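**Q** Based on the hints, put chain B in the right spot on chain A.
The lines below spell out each chain.
Protein chains: 2
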Amino acid sequence: MSEKARPRIALDAMGGDDAPKSVVLGAVDAAERYANELQVLLVGDGTAIEQVRPARELARLGIEIVQSSESVGMGESAATSYRRKQDSSIAVANRLLTEGRADAIVSAGNTGAVVTASLLGLSRIKGVLRPAIASIVPTVHGRCLLLDVGAVADAKPANLYQFAVMGRVYAETVHGTVKPRVGLLNIGEEREKGSDLYKQSFRLLEERAEYLNFIGNVEGRDVLGGDVDVVVCDGFTGNVLLKFAESIIGVVNGTIRKELGQSLVFRFGALLMKPVFSRLKSRLNYEEVGGAPLLGVNGIVVIAHGSSSPLAIRNAIHMAAAMAQEGVVAKIGEELSRELLREEATG
Amino acid sequence: MSEKARPRIALDAMGGDDAPKSVVLGAVDAAERYANELQVLLVGDGTAIEQVRPARELARLGIEIVQSSESVGMGESAATSYRRKQDSSIAVANRLLTEGRADAIVSAGNTGAVVTASLLGLSRIKGVLRPAIASIVPTVHGRCLLLDVGAVADAKPANLYQFAVMGRVYAETVHGTVKPRVGLLNIGEEREKGSDLYKQSFRLLEERAEYLNFIGNVEGRDVLGGDVDVVVCDGFTGNVLLKFAESIIGVVNGTIRKELGQSLVFRFGALLMKPVFSRLKSRLNYEEVGGAPLLGVNGIVVIAHGSSSPLAIRNAIHMAAAMAQEGVVAKIGEELSRELLREEATG
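If you read the protein sequences in the order shown, they are chains A and B.
By the numbering used here, the letter at position 151 of the first sequence is numbered 151, and the numbering carries on one by one without gaps.
By the numbering used here, the letter at position 98 of the second sequence is numbered 98, and the numbering carries on one by one without gaps.
Chain A on its own, in the form it takes in the complex (with noise of 0.2 Å):
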């Protein structure tokens, strides 16, 4: 099996609101469920790392210890601690990327911070004006692609629609979907409807129809319904989605949770219905995704949540090996300066 085969991840082991047990803890569970596909590399306090699984298990299992000095705070400012930290564990991830010595990067670290460092240290694949975060939400049928989902705040309308061509990418290499329909989220279906920004968009993206399969507008009831595979928004409307729909599983939860304290009866019911909510949950959870891609940087970033939990890592860990596989970041920078052509000669 080539190296390749076998895409090297370098795994932000100081990132996340539980780290370094619960990053140790999914790359242990990932490096023994993927042994033949991906190799992982803990990058962090090794001190602190083996206190979470001894070295011997580590190495046993093909895990490399990393060692980096500092870590960035999941409060602290992304551009300060950039300068100022050179040896965060997130720093030492982009080397590691930037000097071959890894193809992929996992973090669940503050998210700020993971763009600032990829932006700098990896920078933008060659024509992509913004990089954008990538969520991937699961829906009625399957799943869909929401981006941008917290990169880039004040969107133009030109990146939203290298959101569609990032988007239509991914979907198509890393989730094998065949022609992926691409949405344009708004707040009607017509096409004079929504701000100035989305009506550019719409513009923009209905220009390119035929090469984007771009079905048009989608409204906020469609993300689920499993007629649109790529969904593209602004960073500030697609983040407040995301958190929106994050939290939903735990109302639901905790709804049924207070009623089922009222009676036996309902316990029971609940007892019976065990393993429908088992697959309720776990088709609504965001932990079986595992993370968000931050696509448009010159190298694989997978952004895990913050809470994340060994699954949730594991998973991260699983994606950001199929997009190396895939080919992601290539393909992504094949069809933008293909983009960038077609402009020159019709411009």
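Calculated directly from the structure, the hints in this document are not laboratory data.
None of the values given here were measured: they were computed from a predicted structure.
Among these hints, one or two may not hold up.
The list cannot tell twin chains apart, which means a pair is met if one copy fits it or any two copies do.
Straight line, CA to CA, 25 Å or less: simulated SDA-like cross-link-like pairs of lysine to any residue [claimed, not checked]:
id: 1; residue 1: K258; residue 2: D227
id: 2; residue 1: K193; residue 2: R124
id: 3; residue 1: K243; residue 2: V289
id: 4; residue 1: K193; residue 2: P157
id: 5; residue 1: K193; residue 2: S77
id: 6; residue 1: K199; residue 2: E76
id: 7; residue 1: K179; residue 2: G216
id: 8; residue 1: K258; residue 2: K281
id: 9; residue 1: K331; residue 2: R208
id: 10; residue 1: K243; residue 2: D17
id: 11; residue 1: K193; residue 2: S307
id: 12; residue 1: K199; residue 2: P157
id: 13; residue 1: K21; residue 2: Q86
id: 14; residue 1: K179; residue 2: L341
id: 15; residue 1: K281; residue 2: G226
id: 16; residue 1: K193; residue 2: E207
**A** Relative to chain A, chain B alone:
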């Protein structure tokens, strides 16, 4: 009992996907249930209305029919329909209000047409820059007011400031919330988070933090959490979020139903848990709320969902009556003129 204590609600009989049927049934329900609290005026095509319920029955319930010869379709342009259809049910309902023959309007019709007709027919409350549609969102502890959810897609900081003032008045007077907590929807808690619009709005709200009881930025996950009473946002973000939220009950229901088909044990469990599901559904169900008040126009207007059931119509009528009884319009006017005086004094 004075006339004021029994507000007259002008109900747009021709608005809604299933009009006039659901609307008339909702009117009958409201007139029976709230006979001592309100009066219903059904505005629309008398013949069509009487096909749903005979004139005699409506008369017995004190429901008056006000004839209008036209109606605005769900897909029609708001501005065009207002100019051309002076005898549409929504235009006639507006005239009833301006002529003092009704105290509030309820419509499940084309939202754009209702907003335009209200803006042009009733005009804005003095000092109001743009009206907002407010949505009552059920939360884990009770409910919160989310505004704007679609009237102003391109909002300015001053709009968001006024939405906060109007939302506070509504929560205080109609919900009876003492010192409602006002939050700004954003993509992080820190003050420098978000798009330019939200950074500037934060500063504006912060200046008057004590008056507004402004608790700072809230995130998507906080909307259902019950720790904020009024959530302020632009109409684009609010509309996307609301439509997404409305779709969830269907997704959860659909997923559970599909699973139940797999096993008799699951179905028996579900039978035992039926009251739990009913409670969950009624908590998350937007029908129970009834409608969304349009705040900032010089009259009471409640916009019901296009697919409103009779129950939703009934609740929207009751909401409109409560707004009339509490004098919400006058109170918003007082707050905003106080604000204008303050600005003149300080500026």
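**Q** All hints are to be evaluated individually against the structure, with a verdict given for each.
**A** Here is what the structure says about each hint:
1. K258 - D227: Answer is between; shortest inter-copy Cα gap is 18 Å, intra-copy 34 Å.
2. K193 - R124: Between copies only: 23 Å across chains, 32 Å inside a chain, cut-off 25 Å.
3. K243 - V289: So K243 and V289 pass the 25 Å test inside a copy (15 Å) and across (23 Å) alike.
4. K193 - P157: Both ways: K193 and P157 sit 15 Å apart in one copy and 21 Å across, limit 25 Å.
5. K193 - S77: between (36 Å within a copy, 11 Å between copies)
6. K199 - E76: between (36 Å within a copy, 19 Å between copies)
7. K179 - G216: within (15 Å within a copy, 43 Å between copies)
8. K258 - K281: Result: close both inside a copy and across copies, 17 Å intra and 14 Å inter.
9. K331 - R208: Intra 18 Å, inter 50 Å, cutoff 25 Å: intra-copy only.
10. K243 - D17: within (17 Å within a copy, 32 Å between copies)
11. K193 - S307: between (37 Å within a copy, 20 Å between copies)
12. K199 - P157: both (9 Å within a copy, 21 Å between copies)
13. K21 - Q86: Within. Shortest intra-copy distance 23 Å satisfies the 25 Å Cα cut-off; inter-copy 68 Å does not.
14. K179 - L341: Within. Shortest intra-copy distance 22 Å satisfies the 25 Å Cα cut-off; inter-copy 59 Å does not.
15. K281 - G226: Both, since 18 Å and 22 Å are each at most 25 Å.
16. K193 - E207: within (17 Å within a copy, 33 Å between copies)
Every hint, counting from the list given before, is met by this structure.
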